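S.K.: Using the sequences plus the hints, can you model the full thing?
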Amino acid sequence: MALRAIAQAAVDVELFTIPLYMTSLYSIQGMHAITGQGNDFYQGRLWPGAKTSANPVTANEQAFNLVFSVFIQEMLHLQMAANMATVLGVSPRFTDTALQDDRHGWTCYGPTNSVIPNIIDLKDTIHHEDVPVNVGPLSDTLLRLFIAIEQPEADARANIKPNKEKDYFPAAPFAGWTPGQPLPRFGTIGWMYQCYYDYLSLEYSDGTTLWDATFKATAVQNDLFNNFSSPGHPMREFMGFETTIATTDKAIAFEQMVSMMDAITDQGEGSEIQRRPQLLQAVKPRYQPSNTALRADYPSYDDTGAQIPSADAVARSDNDPMDHYERFKAVADLLPQVITWPMWLEANKAWTAAELQGPDYDPANPLKLPTPDELATALNALNDPAARANSHTLLSQAVIGAIAGVTTVLNDYWNPPATGPVLFPFPSMAGSGDRMSIAWAVLGQTPDLSIGLDPATPNKLYHSCQALDLDGTGDNSCAAVEIFHTCRGSNACHAQGGCGFVQPIAGGGNCGSAVVARGGAGIGVGGGCGLPPQKLYSAPSDNKCGGFGGCAVPISASQVFPNYGRMQLYDFVEGNEGKDGWQSVPFGEPMTYDRGEKVHDVAYRAYQAVMAHRGKTVPADPPEPDNLRLVFPPST
1 MALRAIAQAA VDVELFTIPL YMTSLYSIQG MHAITGQGND FYQGRLWPGA
51 KTSANPVTAN EQAFNLVFSV FIQEMLHLQM AANMATVLGV SPRFTDTALQ
101 DDRHGWTCYG PTNSVIPNII DLKDTIHHED VPVNVGPLSD TLLRLFIAIE
151 QPEADARANI KPNKEKDYFP AAPFAGWTPG QPLPRFGTIG WMYQCYYDYL
201 SLEYSDGTTL WDATFKATAV QNDLFNNFSS PGHPMREFMG FETTIATTDK
251 AIAFEQMVSM MDAITDQGEG SEIQRRPQLL QAVKPRYQPS NTALRADYPS
301 YDDTGAQIPS ADAVARSDND PMDHYERFKA VADLLPQVIT WPMWLEANKA
351 WTAAELQGPD YDPANPLKLP TPDELATALN ALNDPAARAN SHTLLSQAVI
401 GAIAGVTTVL NDYWNPPATG PVLFPFPSMA GSGDRMSIAW AVLGQTPDLS
451 IGLDPATPNK LYHSCQALDL DGTGDNSCAA VEIFHTCRGS NACHAQGGCG
501 FVQPIAGGGN CGSAVVARGG AGIGVGGGCG LPPQKLYSAP SDNKCGGFGG
551 CAVPISASQV FPNYGRMQLY DFVEGNEGKD GWQSVPFGEP MTYDRGEKVH
601 DVAYRAYQAV MAHRGKTVPA DPPEPDNLRL VFPPST
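Going by our numbering, the first residue of the sequence shown is number 1, and it counts up by one from there.
These aren't lab readings, by the way, just hints derived from the structure by calculation.
Computed from a predicted structure; not experimentally measured.
One or more of the hints may lead you astray.
[Said to hold, decoys possible] Straight-line C-alpha distance at most 20 Å; calculated PhoX-like pairs for lysine-lysine:
#, residue 1, residue 2
1, K164, K216
2, K250, K216
3, K123, K166
[As the list claims (entries may be wrong)] Label-pair distances were calculated between CB atoms; the ranges are:
#, residue 1, residue 2, range
4, Q307, I451, 39 to 49 Å
5, G240, R614, 54 to 64 Å
6, T393, I252, 45 to 55 Å
7, N411, T141, 26 to 36 Å
8, R103, A251, 39 to 49 Å
9, R388, N291, 39 to 49 Å
10, A171, P455, 18 to 28 Å
11, P111, E255, 41 to 51 Å
Ideal Cβ placement from N, Cα and C applies to all residues, glycine included.
M.R.: Right, here's the structure in full:
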């Protein structure tokens, strides 16, 4: 029926904005330190990629904070759209949609695309007919697209060409629509939610409504933003409204459903749903997050490990009083002063060590991490004219894989598999931003999100990084790009674990919580990763299976362990008791690792032990890291 089609359309629309806004967000030039509570491993080191600022002064800092605040709210809107869908018996889909192909390539963006999915064809507008629906660096063209997406109803109606008005702003129920047909285009996101509400309110002859007929009391409800059950997220962010639906009471559930629609439209374009016959009066502050909660939920640290004012809290609290339309207008005012990565690389031509170190950098390098000179050399090598085309494909696919690591987990998050529930892949979201930043900083070119990834070969035992191939081929190949991922819990299966120290051998999804250790694994000891040392952990590259693995594939050459501990080693043998034809078999005494030890070094020691267990000999020392592992920051 049309109602269920609208429910999935709402998920599609909210999901559509996330890679789009993220690509432009991380095109803004900036540098950041790798920080965490009590952690000074990376003191004086800087990595490419802008971050939120607690004291935004420059145009870049202000623009980043503004777009970041919208980006986070789009994730909130996606969560709420999915929760609304399940209450109507719809299983929300995040990969099998009109937005992507079966290789995780994003087909909804492109230089000749003109359609904002389900909303409007920009060729039918007066002021935006020349704007492509495509990803790219922050620019006047992209901001015109963002403003077209978020524009309020009055502006949108005035913007439609006179002979095209009949194609938009349909009335519910939709005349002549039948299941399987495309939905009529709504004209604005707000009108889509208005139609959503109007369908819910349709009355039957007996006085009951479509809501009464479709409400599902057993619906799965998930929450990232108002969940306060974990140490890493101690307070609910939104005090004024619920971000899940209480399915125990149909009347209360309906009010919460409409409140969610109001929150989405109020935050997006400054409007609320019109109830028939009166207008729902909503107080805008109720849809803003609590600054106190944000400071508690998203602490910031400097590169010595000391706590400092929360940058994420400032970015969101300062800007959330504006709707998205107003925020993008504010970014447009800043745009003449904003420097993007393409502009920076055009002016600077090549990286130097000076740009990658701060005043507190210790040249003695006690942890023997890659030096700023080595990092600069790797950045420049990937952008060498002879390597640029291959680098663009590889870095684009690294971004695609990072995003796919989120969307595929979201499918299971709202549609729990038989093996049990999964957790929200928040760290994967952060890791996707890190990989997007590196792609921009290396090449100054827009990552191509349309090219997709080859599917993983069934029953193949992949490896997570250089020289860790358990097939024993002895080469120095890195992980296959089709299994790149950015976070624990998003790896497909065994031996793809990255920094597997974050998971006890009993597993547990995302480090025991959806929201702990947001700085990334290996950073934020207080978040729980790698602790307590008396537990046995799953060794990097040698983890038991999906959800037992670590932070990222491939492993950053700078990733170190935040604490000491012990790891259980596993061999992998062919067998039906495991997954994809492979079974993990523990062997030997636990292997210890030390605080500050490089993760790949430990991964290689685990690999040596497995191969020795098989009676095979491998080189005594791990290989020198390749350029990709050098430029990827730790904790991605």
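S.K.: Each hint: holds or not?
M.R.: Here is what the structure says about each hint:
| no. | hint | verdict |
| --- | --- | --- |
| 1 | K164 x K216 | 38 Å, violated |
| 2 | K250 x K216 | 9 Å, holds |
| 3 | K123 x K166 | 15 Å, holds |
| 4 | Q307 x I451: 39 to 49 Å | 41 Å, holds |
| 5 | G240 x R614: 54 to 64 Å | 59 Å, holds |
| 6 | T393 x I252: 45 to 55 Å | 51 Å, holds |
| 7 | N411 x T141: 26 to 36 Å | 32 Å, holds |
| 8 | R103 x A251: 39 to 49 Å | 44 Å, holds |
| 9 | R388 x N291: 39 to 49 Å | 44 Å, holds |
| 10 | A171 x P455: 18 to 28 Å | 43 Å, violated |
| 11 | P111 x E255: 41 to 51 Å | 44 Å, holds |
Consistency note: the structure conflicts with the earlier hints numbered 1, 10.
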